[in-house]
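**Student:** When we follow my numbering, the leftmost residue of the first sequence carries the number 362, and every step to the right adds one.
It should be emphasised that the hints constitute simulated quantities derived from the structure, not laboratory data.
Just so it is clear, CB atoms sit at the ideal spot from N, CA and C, and this is done for glycine as well.
Hints may contain errors.
As the list claims (entries may be wrong) - Restricting the straight-line Cα-Cα distance to at most 20 Å, the calculated cross-link-like pairs of lysine to any residue (SDA-like) are:
#1 476 with 539
#2 713 with 865
#3 635 with 645
#4 610 with 471
#5 909 with 861
#6 568 with 475
#7 476 with 614
#8 876 with 834
#9 447 with 667
#10 909 with 686
#11 713 with 818
#12 713 with 747
#13 643 with 834
#14 371 with 743
#15 388 with 373
#16 787 with 759
#17 371 with 787
#18 762 with 910
#19 775 with 743
#20 874 with 741
#21 633 with 845
#22 497 with 547
#23 643 with 373
To be verified - Computed Cβ-Cβ distance ranges for the label pairs, DEER-style:
#24 864 with 637: 16 to 22 Å
#25 857 with 918: 24 to 30 Å
#26 853 with 760: 35 to 41 Å
#27 760 with 786: 20 to 26 Å
#28 699 with 897: 26 to 32 Å
#29 786 with 682: 19 to 25 Å
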Amino acid sequence: MSDEKIKEEKSLNFLEEIIDEDIRCGKYKTIVTRFPPEPNGYLHLGHASSICLNFGLTKKYPGYTNLRFDDTNPEKEETEYVDSIKEDVRWLGFEWKHEHYASDYFDTLYEFAVKLINKELAYVDDSSSEDMAAGKGTPAEPGTNSPYRERTVAENLDLFTRMKNGEFPDGSRTLRAKIDMANSNMLMRDPVLYRIKHAHHHRTGDKWCIYPMYDMAHGQSDSIEEVTHSICTMEFVAHRELYDWLIEKLGIYPSRQYEFARRNINYTVTSKRKLLQLVTEKHVDGWDDPRMPTISGLRRRGYTAESIREFCERIGVAKRDNMVDVGLLEFCVREHLNRIALRRMVVFNPLKVVITNYPGEGEMLVSENNPEDPAAGTREIPFSNELFIESDDFMENPPKKYFRLAPGQMVRLKSAYIIRCEEVVKDAGGKVTEVRCTYVAESRSGNDTSGIQVKGTLHWVSARTAISAEIREYDRLFRTENPADEEGDFKEYINPASLNTITTAVAEPELAKAKFEERYQFLRKGYFCLDKDTSPSRLIFNRTVTLKDGWAKETKKKS
RNA sequence: UGACCUAUGGUGUAAUGGUAACACAACUGAUUUUGGUUCAGUCAUUUAUGGUUCGAAUCCAUAUAGGUCAACCA
Numbered sequence: 362m363s364d365e366k367i368k369e370e371k372s373l374n375f376l377e378e379i380i381d382e383d384i385r386c387g388k389y390k391t392i393v394t395r396f397p398p399e400p401n402g403y404l405h406l407g408h409a410s411s412i413c414l415n416f417g418l419t420k421k422y423p424g425y426t427n428l429r430f431d432d433t434n435p436e437k438e439e440t441e442y443v444d445s446i447k448e449d450v451r452w453l454g455f456e457w458k459h460e461h462y463a464s465d466y467f468d469t470l471y472e473f474a475v476k477l478i479n480k481e482l483a484y485v486d487d488s489s490s491e492d493m494a495a496g497k498g499t500p501a502e503p504g505t506n507s508p509y510r511e512r513t514v515a516e517n518l519d520l521f522t523r524m525k526n527g528e529f530p531d532g533s534r535t536l537r538a539k540i541d542m543a544n545s546n547m548l549m550r551d552p553v554l555y556r557i558k559h560a561h562h563h564r565t566g567d568k569w570c571i572y573p574m575y576d577m578a579h580g581q582s583d584s585i586e587e588v589t590h591s592i593c594t595m596e597f598v599a600h601r602e603l604y605d606w607l608i609e610k611l612g613i614y615p616s617r618q619y620e621f622a623r624r625n626i627n628y629t630v631t632s633k634r635k636l637l638q639l640v641t642e643k644h645v646d647g648w649d650d651p652r653m654p655t656i657s658g659l660r661r662r663g664y665t666a667e668s669i670r671e672f673c674e675r676i677g678v679a680k681r682d683n684m685v686d687v688g689l690l691e692f693c694v695r696e697h698l699n700r701i702a703l704r705r706m707v708v709f710n711p712l713k714v715v716i717t718n719y720p721g722e723g724e725m726l727v728s729e730n731n732p733e734d735p736a737a738g739t740r741e742i743p744f745s746n747e748l749f750i751e752s753d754d755f756m757e758n759p760p761k762k763y764f765r766l767a768p769g770q771m772v773r774l775k776s777a778y779i780i781r782c783e784e785v786v787k788d789a790g791g792k793v794t795e796v797r798c799t800y801v802a803e804s805r806s807g808n809d810t811s812g813i814q815v816k817g818t819l820h821w822v823s824a825r826t827a828i829s830a831e832i833r834e835y836d837r838l839f840r841t842e843n844p845a846d847e848e849g850d851f852k853e854y855i856n857p858a859s860l861n862t863i864t865t866a867v868a869e870p871e872l873a874k875a876k877f878e879e880r881y882q883f884l885r886k887g888y889f890c891l892d893k894d895t896s897p898s899r900l901i902f903n904r905t906v907t908l909k910d911g912w913a914k915e916t917k918k919k920s
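Hey, can you work out the whole structure from these sequences and the hints?
**Tutor:** This is the structure we're talking about:
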């Protein structure tokens with residue numbers, strides 16, 4: 362009941378308000394939205410936002426969402442991208458009603474163009490792109506009419522047909538809308554509608570050598586599909602006038618365009634051009650490098666679809682410029698992973714601990730898989746007199762409030778015993794190579810009768826049964842909040858320490874059974890998942906995100 | 001020297017003329033066999049100046065700041 366109340370009270374974003382009103386006043390009974398990527402790159406966090414928005418709207422209101430590929434520029438588009446986009450949208454948890462391609466409408470779009478010519482609203486222009494640019498004027502000064510603007514309908518029809526038939530070379534002619542060269546909106550100054558490109562298209566092959574421009578394809582595709590709410594980012598605001606003009610002049614279904622501000626996220630870049638550069642210039646390991654803000658990169662990194670959806674939900678939608686803190690994304694994934702991740706113990710940088718008074722061969726101890734979820738059950742962990750702990754968890758001369766192991770100090774080994782450090786063994790160089798401890802036999806987890814209270818609990822791995830693993834620790838890809846905005850090349854701001862590979866790690870034997878679809882929390886270390894580079898002889902884990910580290914914060918403050 | 005868009009805490013969003021709300025971050029403290037989790041608390045007179053009004057974050061005017069637009073890209 363209270364949930365319902367909260368749901369009802371949650372305020373609507375501006376798009377939901379528009380739709381709410383459209384439905385209330387009877388303008389629409391059901392709505393249609395669409396996610397319209399150009400298949401020229403992999404989907405990233407920015408797209409996730411748009412996907413969640415478009416699909417979210419038709420989850421909330423009656424209607425459906427289409428997936429449409431805006432494939433009107435054959436030179437940049439590839440089937441590989443189409444496939445990855447479909448995979449990513451599905452992985453995010455959404456299913457589209459219809460799968461469309463702007464290229465499916467090339468015939469119809471061509472007819473639309475002919476219609477405009479017949480209505481004297483479009484003409485073939487022989488100007489070079491330089492002359493055309495010069496004729497556009499500037500935002501402050503009107504442009505001048507093209508010398509080809511007054512061609513007759515017959516002449517335009519003939520020329521446009523011949524453009525289609527391949528009689529002219531690339532760039533020699535265009536079809537332009539005849540609107541107003543003095544319009545304060547530059548886009549209304551006789552925009553180009555069609556251009557000649559003798560290029561192979563990933564779907565239509567060599568059938569066409571003229572291709573529609575964005576403005577001649579996008580709104581018309583929306584209209585053909587009877588999209589009611591065509592949602593795009595703010596940089597298209599100026600296009601709306603042309604979008605509406607074309608729909609009106611063509612007399613076709615009146616789709617409406619609405620704009621929202623693109624979500625920017627700090628310490629990363631989300632322009633396809635820049636992401637492509639990172640890949641082709643090998644600054645990263647491919648589109649799915651775990652440091653990339655791509656959906657495939659986040660997936661490989663261990664992010665869950667649920668956490669990405671939650672992130673998009675939390676940042677909301679509005680029309681002002683913004684810079685979202687990547688910390689919120691990290692919060693969302695921690696929140697989810699804390700609920701579902703299986704706890705395991707892995708020591709990254711081992712230091713040997715010998716329990717001098719521990720009798721016998723060893724024993725099996727029991728530990729919970731997830732303290733947040735009793736249903737996750739327990740597992741057995743072997744214990745013996747020779748263990749590894751984290752090198753960072755021992756200090757010979759500890760600072761104040763250091764709750765870990767130090768000479769004479771006691772700690773608990775997680776799910777095992779309390780130990781006390783009795784002796785430090787060093788090599789010739791003075792480096793600590795071994796710590797010798799005694800254990801408190803009555804302090805075993807579950808039936809501790811020792812009465813001893815300790816401040817610190819450490820993760821550990823028994824030496825004899827330990828398995829080795831490689832750990833890949835990822836950090837943010839850039840050193841600055843807004844690399845795209847900095848002086849010079851954005852690549853100068855790449856974080857040189859964005860990947861730290863650890864080859865010395867030892868893990869509890871349970872991890873030999875690690876699965877790709879499983880998520881793990883390595884106790885006191887962070888959240889991890891198995892990487893696709895894992896082989897039968899080598900376990901490789903990616904760090905999705907660290908745990909919050911209060912001690913690190915504390916020590917940083919002091920230094 | 002134009003047109004258009006935007007302006008609420010460090011960040012992202014609410015408040016639809018009537019008590020500035022939520023989340024993240026940060027900071028206190030408590031709990032804790034993960035320095036995690038959890039819990040309790042602290043953290044803004046809404047870009048500025050006028051105006052309308054009993055009452056303005058909200059409406060109006062002006063200013064200021066940021067952004068977008070002059071691809072045969074999308």
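**Student:** All hints, please: hold or fail.
**Tutor:** Status of the hints after comparison with the structure:
no., hint, in the structure
1, 476 with 539, "holds, 13 Å"
2, 713 with 865, "holds, 13 Å"
3, 635 with 645, "holds, 12 Å"
4, 610 with 471, "holds, 15 Å"
5, 909 with 861, "holds, 19 Å"
6, 568 with 475, "holds, 18 Å"
7, 476 with 614, "holds, 15 Å"
8, 876 with 834, "holds, 19 Å"
9, 447 with 667, "holds, 17 Å"
10, 909 with 686, "holds, 16 Å"
11, 713 with 818, "holds, 17 Å"
12, 713 with 747, "holds, 7 Å"
13, 643 with 834, "holds, 19 Å"
14, 371 with 743, "violated, 50 Å"
15, 388 with 373, "holds, 19 Å"
16, 787 with 759, "holds, 17 Å"
17, 371 with 787, "violated, 62 Å"
18, 762 with 910, "holds, 15 Å"
19, 775 with 743, "holds, 12 Å"
20, 874 with 741, "holds, 13 Å"
21, 633 with 845, "holds, 12 Å"
22, 497 with 547, "holds, 7 Å"
23, 643 with 373, "violated, 43 Å"
24, 864 with 637: 16 to 22 Å, "violated, 31 Å"
25, 857 with 918: 24 to 30 Å, "holds, 25 Å"
26, 853 with 760: 35 to 41 Å, "holds, 37 Å"
27, 760 with 786: 20 to 26 Å, "holds, 23 Å"
28, 699 with 897: 26 to 32 Å, "holds, 31 Å"
29, 786 with 682: 19 to 25 Å, "violated, 59 Å"
The structure fails to meet hints 14, 17, 23, 24, 29 from the earlier list, while all remaining hints are met.
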